[in-house]
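Chains as they are written, first to last, in our numbering: chain A, 1485 to 1709; chain B, 3 to 49; chain C, -5 to 218.
Keep in mind that a hint or two might mislead.
What the hints assert, rightly or not - Taking lysine to any residue pairs in the SDA-like style, the calculated list, with each CA pair at most 25 Å apart, reads: (1) Lys1486/A to Leu1499/A; (2) Lys1486/A to Glu36/B; (3) Lys42/B to Glu1617/A.
As the list claims (entries may be wrong) - Distance windows between CB atoms, simulated: (4) Val22/B to Thr206/C: 52 to 60 Å; (5) Val24/C to Glu1705/A: 25 to 33 Å; (6) Arg1669/A to Phe35/C: 51 to 59 Å; (7) Lys1486/A to Val33/B: 55 to 63 Å; (8) Arg10/C to Val33/B: 50 to 58 Å; (9) Glu17/C to Arg1551/A: 51 to 59 Å.
Source of the hints: derived by calculation from the structure; they are not laboratory data.
For glycine and all other residues, C-beta sits at the position ideal for the given N, C-alpha and C.
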Amino acid sequence: MKKSVLSAMVVLLLLGVAAYAAFFVAPTDAKQGVIYRILYLHVASAWTGLTSFFICFIANSLYVLRRQPRWDWLGVSAGETGLVFTTVVLLTGPIWAHPVWGIWWTWDARLTSTFVLWLLYVSYLLLRTLVEEPDRRALLSALFGIFAFIDVPLVFGSIRWWRTQHPQPIIMGGPGSFFDPTMYRVLFFTWLAMLGLMTLLLRQRYRLEAMRGDLEIIQRELEAA
Amino acid sequence: MKNLNSVFAAYMIGWTVFFVYYISIARRTSVLREDIERLKNSLNRGK
Amino acid sequence: MALLSNATVLLGKELRTEFRSRELLTTTTVFVLIVIVLFSFSFDPTSEESRRFGAGLLWLAFLFAASLMLQSCFLREQNSDTLSALRLSVSDPFAIFLAKVTANTLFLLLTELLLLPVFAVMYNVPVLPSLHWLVLVCFLGSLGVSIAGTALSAISAQARMRELLLPLLLLPLLTPILVASTEVTAALFDRSPYVQWKGVGFLAVFDLAFLTILWLLGEYLVEE
């Protein structure tokens, strides 16, 4: 118990430092002024979400090959955590877009792709609720998870290509518009802090899932008795 | 500047989402822990 | 090769089952027709607007129809309890998928080719000048839909709420097909039609990628 409290505090500290850096260390953008600072949270969340989904993919593959429950536990934890980070991306995007463009949503390539990504993993979690038998649930969701992750680069690629055919306001300037090295450093540090948060959430969620596994074993023992 | 409010809002919303998720895991964990205790007891009583 | 001969035999079975009653083909075709008609109420299908929106609507209609049509793919086997017999009859479970994917692609393609002239007439879009390219994009798109749809049908057949689950799983997954097919088709509907080779290439890549994954995971999808 003590170790988890300590690590939680470390993560909180890192996040606090990252926020401070985002507000005070990073220079003000010449074109956009203060509003661009949302990017540190927005972009770092996006990268962390994708990292989490990648972990989900690895866990899914390992489950299909080895059939050990812990890979299923890791898979659902990483999927849920990734979804949380992606939700933050989708919420912070419009908050940035509104002062800059006067509109809440735009079908720009990155936001659209992120939305599809979000839908894919919502489906992943929904599928799990619709299969009762634990082993079957683990296998089916792992298989879908693999298909979903393979689809991710195809989704991003196709939407990006399609959107550049029909030029839209490029809402998220992205790393291309970052010229100052300090900005890169702050972004990278924020990402590291986010990865710490991701690890924390992953571990908690994994423990929950492992306990659920224990519960099912006890329930089966009771039924047998 | 009014834009600073938007930046604050974004960070608040982000952290709230993470916080809510963390709390939801903690709550589900404690509920599950109680269920396990309860079932362990009935298993022991059965024995 | 055993795989191909098994797949051919199974394909024969799939085709015979469908052409005996033709219920899948007729209902799917009618459904796409209904969607096309309904779409016409949501905007004015003049020639100019049809050229801009027509391709997208057409492919949306195909996707919706496919996500309904593909439900029966593995549901049929489950309801008549033939899946275990199928599994025992082949040495490589991929043969089952190869047969079903081929059959589904064929059914989808047939539906699309039946409806293309109807769409062309109702929406004032020229189809004849680039017909062979349209067939190509319909084939590549339908193939991608079939591959993903057949795999996901095997998954959703084993879950609850499978009627709603398959479209839910399939439609986000097929976004790249929708995007690429629409782009290529729109280029072919243009005043001076041209072939978007980038889009055609992308569709081929999608098909290949998902076929490979299906080949790797097929045996687990029909596991006992």
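Cross-check of the supplied hints:
no., hint, in the structure
1, Lys1486/A to Leu1499/A, "holds (20 Å)"
2, Lys1486/A to Glu36/B, "holds (21 Å)"
3, Lys42/B to Glu1617/A, "holds (22 Å)"
4, Val22/B to Thr206/C: 52 to 60 Å, "violated (40 Å)"
5, Val24/C to Glu1705/A: 25 to 33 Å, "violated (54 Å)"
6, Arg1669/A to Phe35/C: 51 to 59 Å, "holds (55 Å)"
7, Lys1486/A to Val33/B: 55 to 63 Å, "violated (23 Å)"
8, Arg10/C to Val33/B: 50 to 58 Å, "holds (54 Å)"
9, Glu17/C to Arg1551/A: 51 to 59 Å, "violated (39 Å)"
The earlier numbered hints that this structure contradicts are 4, 5, 7, 9.
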